[in-house]
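Participant: For reference, the chains in residue letters:
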Amino acid sequence: MITLAHYLILSGILFAIGLAGVLIRKNIIVVFMCLEMMLSAANVALVAFSRAQGTHGLPVYDGQVMALFVVGIAAAEVAIGLALIVCMFRARRTVESTALNTMKD
Amino acid sequence: MTETILFYVFAVLAVIFAIGVVAFRNPVTSAMNMALCFAATAGILFGLGAQFLGIVQIIVYAGAILVLFLFVVMMLDLKNEETPNFIANLCGVVVAAIFAAMVTSVAIHLPGACTCCEGDQPALAAQDDTPVLGGALPELKPEAAAQVMQHVTGQEQPAMNSIPDTKLLGIALFSKYSIAFTILSFGLLAGAVGAVALSRKLRKD
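In order, the protein sequence lines correspond to chains G and L.
Take any residue in the first sequence, note its place counting from 1, add 1091, and you have its number in our numbering.
Just so we're aligned: 109 in our numbering is position 123 of the second sequence, and the numbers increase by one with no gaps anywhere.
Take the hints with a grain of salt, since some may be wrong.
[As the list claims (entries may be wrong)] Simulated restraints, written as ranges between beta carbons of each label pair:
(1) G:Cys1178 x L:Asn147: 48 to 56 Å
(2) G:Asp1153 x L:Glu142: 24 to 32 Å
(3) G:Arg1181 x L:Ser91: 43 to 51 Å
(4) L:Val53 x G:His1147: 37 to 45 Å
(5) L:Val81 x G:Glu1187: 17 to 25 Å
(6) G:Cys1178 x L:Val14: 18 to 26 Å
(7) L:His95 x G:Lys1195: 39 to 47 Å
[As the list claims (entries may be wrong)] Rough simulated footprint, nothing fancy, chain G against chain L, three-plus residues with beta-carbon under 8 Å:
(8) 31 to 40
(9) 73 to 82
[To be verified] 35 Å max Cα-Cα, derived DSBU-like pairs, lysine-lysine:
(10) G:Lys1117 x G:Lys1195
(11) L:Lys187 x L:Lys65
(12) G:Lys1117 x L:Lys187
(13) L:Lys65 x G:Lys1117
(14) L:Lys127 x L:Lys162
(15) L:Lys187 x G:Lys1195
(16) L:Lys127 x L:Lys153
(17) L:Lys65 x G:Lys1195
FYI, nobody ran anything at the bench for these hints, they're computed from the structure.
Since we're looking at a predicted model, the values are computed, not measured.
We put the beta carbon where it would ideally sit given N, CA and C, even for glycine.
So that you can see chain G by itself, here it is in the shape it has in the complex:
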């Protein structure tokens, strides 16, 4: 039997893997992919709650609408973020996050 807890734990594990990727990886493009994975993990939790809180045999659609908004925001964020990465590559000829140390040197 699959309960809400199963879905929440899966969502938490996916989010944690994304978090580990954001912390570990140096390549900003891969860091960005991990951010997208974290957003989609949050979607799983939202949809699971929308199903579990359902009354009268229907899910609560507020959660699914919010998940849809998350997808829309993620699409806009990717467009802006990748444009920023292209700008950074033009300026520095690299996408390593360790190269962003102008204020330190």
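Position chain L relative to chain G; hints supplied.
Facilitator: Here is chain L on its own, set in the frame of chain G:
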């Protein structure tokens, strides 16, 4: 029973491919793993009865976003990154493991879910407004969906044998959340304009 097996299959696949995104050194391999991870996540959403969101997950994440990533990866001349130091890796893994443990402990102790700590149950039963989130997910009833549709459209609905997920989501999206939806579309427009403005070449004059 089938749902249980499918949940575990898709959950394991999603976790494996997510680890693949972090572990592989080549960004193109990471992007392909990300697409498969999103496809497995879409399978999980189908299992929850959110067919429309599952399709959106495949189209937007595994389709549009992945193609954007691949374009940028192939447009830029990338070298495989060198292996980062062990201490930094360990810190990242420890922080992520702490987070996963926190979420797991919250999920296990959801109200009504706990069968291991019987002492808490009377206190919960006293408060009637506490939602019970444990146990099996509530059944979906197509009759209830037919009633909602009849209320909205004012017409007699034919008998359904499954929930019309997309129609109900659309009713919620374009009635209760219509203003938020409009603001979101402005956000997408701003994103598109911003991406063009950021990535064009600046002229000197």
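Participant: Hints the structure violates: just list their numbers, smallest first.
Facilitator: none
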